[in-house]
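Asks: Each chain, letter by letter, is given below.
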Amino acid sequence: MPPDSDGPLLRMRGVGKAFFGVRVLDDVDLDLHSGQVHALVGENGAGKSTLMKIASGVYQPDAGTLELAGQPVTLPDPRAAQAAGIGIIHQEFNLLPERTVAENVFLGREPMRRGLVDRRAMHARTAELLAGIGEDAITPQARVGRLSVAQQQVVEIVKALALDARVLIMDEPTASLAEHEVELLYQLVRRLQQRGIGILYVSHRLTEVFDLSGRITVLKDGRRVTTLDTAEATADTLVRHMVGRELSHYYPERAAPGSAGAARLTLSAAGNGRLHPVDLELRAGEVLGVGGLQGSGRSALARAVFGIDGFRTGRVLLDGEPVRVRSPRQAVRAGIAYVTEDRKGEGLALSQSVLDNALLAQRAVRPRWFGRAARTTTVRELLDAVEVHAAGTEQEIRYLSGGNQQKVVLARWLAMTPRVLLFDEPTRGIDVGAKAAIHDLIRRLAADGAAVLMISSELPELIGMSDRIVVMRDGAIAGELPAGASEEAVMGLATGAATSTEVPA
Amino acid sequence: MSTDGARTRLRLPALDATSGVWAALALALMLGGTLVALDGGSLFSESSTISLLQRAAGLGIVAVGQTMAILAGSLDLSVAYVISLTSLVAAETMAGSDGMVLPAIAAVLAVSAAIGLLNGLLITKLRINAFIATLGVGLLIKGYLEQGYAGPAGSVPTSFQHLGYDRIGPVPLSFVLFAAVAAAAWFTLRSTRYGHHLIATGGDLDVARLSGVRTDRVLIRTHVICSLCAGIAGLYLASRLGAGAPRVGAEGGYDLESIAAVVLGGTVLAGGRGGVAGTVGGVLLLAVIDGVFNQLEVDSFFKQMVRGVVIVAAVAVYALRLRRTSDRRKAAVA
Numbered sequence: 001m002p003p004d005s006d007g008p009l010l011r012m013r014g015v016g017k018a019f020f021g022v023r024v025l026d027d028v029d030l031d032l033h034s035g036q037v038h039a040l041v042g043e044n045g046a047g048k049s050t051l052m053k054i055a056s057g058v059y060q061p062d063a064g065t066l067e068l069a070g071q072p073v074t075l076p077d078p079r080a081a082q083a084a085g086i087g088i089i090h091q092e093f094n095l096l097p098e099r100t101v102a103e104n105v106f107l108g109r110e111p112m113r114r115g116l117v118d119r120r121a122m123h124a125r126t127a128e129l130l131a132g133i134g135e136d137a138i139t140p141q142a143r144v145g146r147l148s149v150a151q152q153q154v155v156e157i158v159k160a161l162a163l164d165a166r167v168l169i170m171d172e173p174t175a176s177l178a179e180h181e182v183e184l185l186y187q188l189v190r191r192l193q194q195r196g197i198g199i200l201y202v203s204h205r206l207t208e209v210f211d212l213s214g215r216i217t218v219l220k221d222g223r224r225v226t227t228l229d230t231a232e233a234t235a236d237t238l239v240r241h242m243v244g245r246e247l248s249h250y251y252p253e254r255a256a257p258g259s260a261g262a263a264r265l266t267l268s269a270a271g272n273g274r275l276h277p278v279d280l281e282l283r284a285g286e287v288l289g290v291g292g293l294q295g296s297g298r299s300a301l302a303r304a305v306f307g308i309d310g311f312r313t314g315r316v317l318l319d320g321e322p323v324r325v326r327s328p329r330q331a332v333r334a335g336i337a338y339v340t341e342d343r344k345g346e347g348l349a350l351s352q353s354v355l356d357n358a359l360l361a362q363r364a365v366r367p368r369w370f371g372r373a374a375r376t377t378t379v380r381e382l383l384d385a386v387e388v389h390a391a392g393t394e395q396e397i398r399y400l401s402g403g404n405q406q407k408v409v410l411a412r413w414l415a416m417t418p419r420v421l422l423f424d425e426p427t428r429g430i431d432v433g434a435k436a437a438i439h440d441l442i443r444r445l446a447a448d449g450a451a452v453l454m455i456s457s458e459l460p461e462l463i464g465m466s467d468r469i470v471v472m473r474d475g476a477i478a479g480e481l482p483a484g485a486s487e488e489a490v491m492g493l494a495t496g497a498a499t500s501t502e503v504p505a
Numbered sequence: 001m002s003t004d005g006a007r008t009r010l011r012l013p014a015l016d017a018t019s020g021v022w023a024a025l026a027l028a029l030m031l032g033g034t035l036v037a038l039d040g041g042s043l044f045s046e047s048s049t050i051s052l053l054q055r056a057a058g059l060g061i062v063a064v065g066q067t068m069a070i071l072a073g074s075l076d077l078s079v080a081y082v083i084s085l086t087s088l089v090a091a092e093t094m095a096g097s098d099g100m101v102l103p104a105i106a107a108v109l110a111v112s113a114a115i116g117l118l119n120g121l122l123i124t125k126l127r128i129n130a131f132i133a134t135l136g137v138g139l140l141i142k143g144y145l146e147q148g149y150a151g152p153a154g155s156v157p158t159s160f161q162h163l164g165y166d167r168i169g170p171v172p173l174s175f176v177l178f179a180a181v182a183a184a185a186w187f188t189l190r191s192t193r194y195g196h197h198l199i200a201t202g203g204d205l206d207v208a209r210l211s212g213v214r215t216d217r218v219l220i221r222t223h224v225i226c227s228l229c230a231g232i233a234g235l236y237l238a239s240r241l242g243a244g245a246p247r248v249g250a251e252g253g254y255d256l257e258s259i260a261a262v263v264l265g266g267t268v269l270a271g272g273r274g275g276v277a278g279t280v281g282g283v284l285l286l287a288v289i290d291g292v293f294n295q296l297e298v299d300s301f302f303k304q305m306v307r308g309v310v311i312v313a314a315v316a317v318y319a320l321r322l323r324r325t326s327d328r329r330k331a332a333v334a
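Line by line, the protein sequences are chains A and B. Letter 20 of the first sequence, counting from 1, is numbered 20 in full-length UniProt numbering, and no numbers are missing. Letter 80 of the second sequence, counting from 1, is numbered 80 in full-length UniProt numbering, and no numbers are missing.
Quick caveat, the hints were computed from the structure, so don't treat them as lab data. A virtual CB, placed ideally from N, CA and C, is assigned to each residue, including glycine. Any given hint could be a false lead.
To be verified - From the derived model, a few chain A residues whose C-beta atoms are all more than 12 angstroms from chain B: (1) D77; (2) D118; (3) K159; (4) V243; (5) G258; (6) R444.
What the hints assert, rightly or not - Label-pair ranges, simulated between beta-carbon atoms: (7) A:Q71 x B:G212: 16 to 24 angstroms; (8) B:A313 x A:D384: 49 to 57 angstroms; (9) A:D29 x B:A114: 50 to 58 angstroms; (10) A:V73 x B:A313: 54 to 62 angstroms; (11) A:E394 x B:G143: 38 to 46 angstroms; (12) A:A131 x B:H162: 39 to 47 angstroms; (13) B:I128 x A:F19: 25 to 33 angstroms; (14) A:Q71 x B:I128: 49 to 57 angstroms; (15) B:D216 x A:Q395: 38 to 46 angstroms; (16) B:V312 x A:H276: 37 to 45 angstroms; (17) B:L35 x A:P322: 35 to 43 angstroms; (18) A:Q330 x B:A313: 44 to 52 angstroms; (19) B:V298 x A:E394: 50 to 58 angstroms; (20) B:G212 x A:D29: 25 to 33 angstroms.
Please construct the entire structure, taking both the sequences and the accompanying hints into account.
Replies: Set out below in structure tokens:
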């Protein structure tokens with residue numbers, strides 16, 4: 001690949017994108033040069049993946065232009081991007097596990113000889129490509145499903161190279177790798193760089209960004225905050241660029257310091273396949289915030305407590321009594337409630353009525369003859385109390401707004417008078433007014449003596465609501481912060497920029 | 001993090017599903033042969049071998065087509081009615097005349113290809129679930145047959161009956177035809193671009209499409225081929241019966257039997273994994289079970305139960321194996 005003249009390989013100018021009137025990307029510029037690793041960083045929802053999808057033809061920008069080696073291009077679909085030499089390595093691989101490496105690499109472009117697939121040529125060219133990036137452990141004939149995750153990633157990269165990709169977009173490439181595999185990826189990235197390929201490296205792990213990139217672009221709330229040479233950047237400046245905004249929403253008053261009651265839920269060295277042993281205490285009357293990046297183990301923690309993917313090691317105490325929660329049913333019976341992150345998929349029976357949804361947990365774990373009329377009355381009262389706005393309790397729940405749906409989920413759990421409540425992104429996709437109502441409800445539950453664990457990716461919410469914050473990283477607790485900690489402190493722990501386990505606010 | 005969980009558990013012998021079904025076939029032959037011998041008969045006599053292979057041939061040709069459909073992530077429930085219809089098309093076009101054999105074959109292939117095309121278009125263009133689309137088309141044909149025919153119709157000339165009755169040594173001509181169809185399908189899957197694209201489409205539609213495979217075309221073509229196989233089976237049955245029969249396909253249960261044979265052969269119902277070699281084993285296994293029970297003269301109720309148990313057991317074993325592989329994969333990710 002001849003080195004480019006001075007112009008960038010990929011130039012994006014004034015790129016913008018809105019979904020349903022919500023602006024997720026606004027006037028973003030980005031230059032990617034041949035042989036450069038350009039890191040794209042920002043917190044969840046900053047617009048990284050939208051920008052990436054525009055560069056790879058998945059989304060069409062509403063505004064702005066793309067140039068490839070000085071030529072304006074439009075990328076109507078992913079195939080056009082591939083043809084133009086832009087390859088993308090997704091977090092989830094686009095590979096067929098049942099097929100061989102060569103069959104995957106040449107899928108859709110199988111070399112032909114006399115009207116038939118030329119396997120020999122296919123294997124030879126795959127071997128060449130593998131050798132070209134210094135990979136000798138993978139054979140073209142190997143079945144992809146038998147390879148390790150890191151090796152599958154190599155196959156993805158080779159697949160992109162087989163298309164003569166000049167630009168390679170890597171989306172959180174280390175997310176699925178084990179620690180010892182990361183170094184191999186580093187080597188691979190450097191080799192690709194030497195070949196003159198421009199790499200757009202999307203990650204929120206700052207260590208990697210500093211190890212690999214030459215230039216960094218920081219996005220926040222859909223805007224480009226800054227672009228700087230990695231040599232000039234420090235972890236602190238990056239984190240400061242990634243966060244820091246005014247509070248636009250008021251949160252209910254926190255519990256008075258020292259007012260938290262006895263421990264309701266205690267985890268000691270509790271772990272499973274996705275979690276390193278965790279020690280955690282959740283007290284009556286407090287809201288414990290759990291921060292961290294996506295995939296850091298936050299949801300895995302809630303799911304483990306609720307018995308979906310239960311703990312395999314360690315001990316769990318509920319109000320001082322040892323318990324073993326092996327299924328959600330046992331969790332519900334023990335007085336644990338879980339408001340899931342995926343409301344439509346896991347939280348609601350969309351085609352059933354408001355009332356049916358609100359009664360779901362009770363009907364599931366309590367005998368049928370157990371005060372049937374009374375419990376319907378209670379639930380109706382609760383639905384009123386949380387102020388669900390619906391055409392009636394018989395309305396199908398799919399027609400309610402996100403905020404009202406979430407209130408129904410809350411009513412369902414309130415009816416069980418839970419001792420421990422787990423909230424996973426409780427206000428995701430909910431409008432501002434309903435958000436405040438849900439925040440109030442959460443606070444009132446805690447004030448009534450429940451112990452609340454709240455996972456949130458929204459830093460203002462996490463900080464505004466929590467009496468204490470634990471931050472997770474790579475399946476373990478990275479540290480704990482007191483109420484009112486700064487966004488920088490949370491992001492520092494989440495990205496690994498700050499590594500101590502106790503960070504003073 | 002660790003694969004210990006998967007490793008410490010009992011390991012099944014390292015057989016893939018294809019060799020698994022052939023091993024089961026060998027076992028069935030040994031066990032069945034012994035049982036029949038104890039009963040005073042012989043499973044391996046010339047006459048029982050011939051009837052076994054003949055039974056396998058008809059189902060086998062259909063099952064090869066079904067394998068292609070299932071591998072592509074689809075399914076064809078209309079095959080039984082296509083068989084009935086094409087047996088009638090064949091016998092009525094021939095009408096006992098030698099000169100009409102070739103036109104009749106052409107007509108059968110045209111009719112079955114058209115039905116396959118219709119199936120494929122319903123599935124790809126109207127996005128109707130394959131189960132429903134092919135069931136609907138099947139019922140459509142069924143309605144036409146019930147309306148138009150009370151019993152057998154048309155007649156096949158003696159020259160065409162060679163297909164149903166001639167043999168090369170102990171091997172019926174029809175079985176040779178089955179072998180040829182299976183070999184052609186095997187070669188197609190292995191060495192043509194279409195074959196590669198078919199397996200990719202069944203494996204993951206989105207991956208295939210994003211890699212540049214025209215998945216709609218692949219699916220349509222596959223349904224045409226599947227239907228053509230049913231048409232060939234219809235020709236064979238016409239030659240065997242000497243006439244066209246409006247209920248021969250449904251009574252033979254060719255729709256579900258062919259799917260059972262494919263699944264026994266280790267092809268995954270979700271598509272993308274498996275192949276023709278397994279299906280051939282599955283067809284032979286079903287034929288051997290049939291043969292054994294016919295010789296033992298056990299009542300057909302018991303026979304059906306054994307077949308049911310064999311199919312469910314096979315699928316359970318495959319599913320277990322598959323789950324372990326994916327567990328291991330998940331463990332590698334965690």
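Asks: Each of the hints needs a verdict: does it hold here or not?
Replies: Structure-based check of all given hints:
no. : hint                                : in the structure
1   : D77                                 : violated, 9 angstroms
2   : D118                                : violated, 9 angstroms
3   : K159                                : violated, 8 angstroms
4   : V243                                : holds, 29 angstroms
5   : G258                                : holds, 39 angstroms
6   : R444                                : holds, 37 angstroms
7   : A:Q71 x B:G212: 16 to 24 angstroms  : holds, 22 angstroms
8   : B:A313 x A:D384: 49 to 57 angstroms : holds, 55 angstroms
9   : A:D29 x B:A114: 50 to 58 angstroms  : holds, 56 angstroms
10  : A:V73 x B:A313: 54 to 62 angstroms  : holds, 56 angstroms
11  : A:E394 x B:G143: 38 to 46 angstroms : holds, 41 angstroms
12  : A:A131 x B:H162: 39 to 47 angstroms : violated, 57 angstroms
13  : B:I128 x A:F19: 25 to 33 angstroms  : holds, 30 angstroms
14  : A:Q71 x B:I128: 49 to 57 angstroms  : violated, 43 angstroms
15  : B:D216 x A:Q395: 38 to 46 angstroms : holds, 39 angstroms
16  : B:V312 x A:H276: 37 to 45 angstroms : holds, 41 angstroms
17  : B:L35 x A:P322: 35 to 43 angstroms  : violated, 57 angstroms
18  : A:Q330 x B:A313: 44 to 52 angstroms : violated, 33 angstroms
19  : B:V298 x A:E394: 50 to 58 angstroms : holds, 57 angstroms
20  : B:G212 x A:D29: 25 to 33 angstroms  : holds, 31 angstroms
In this structure, the hints that do not hold are numbers 1, 2, 3, 12, 14, 17, 18, in rising order.
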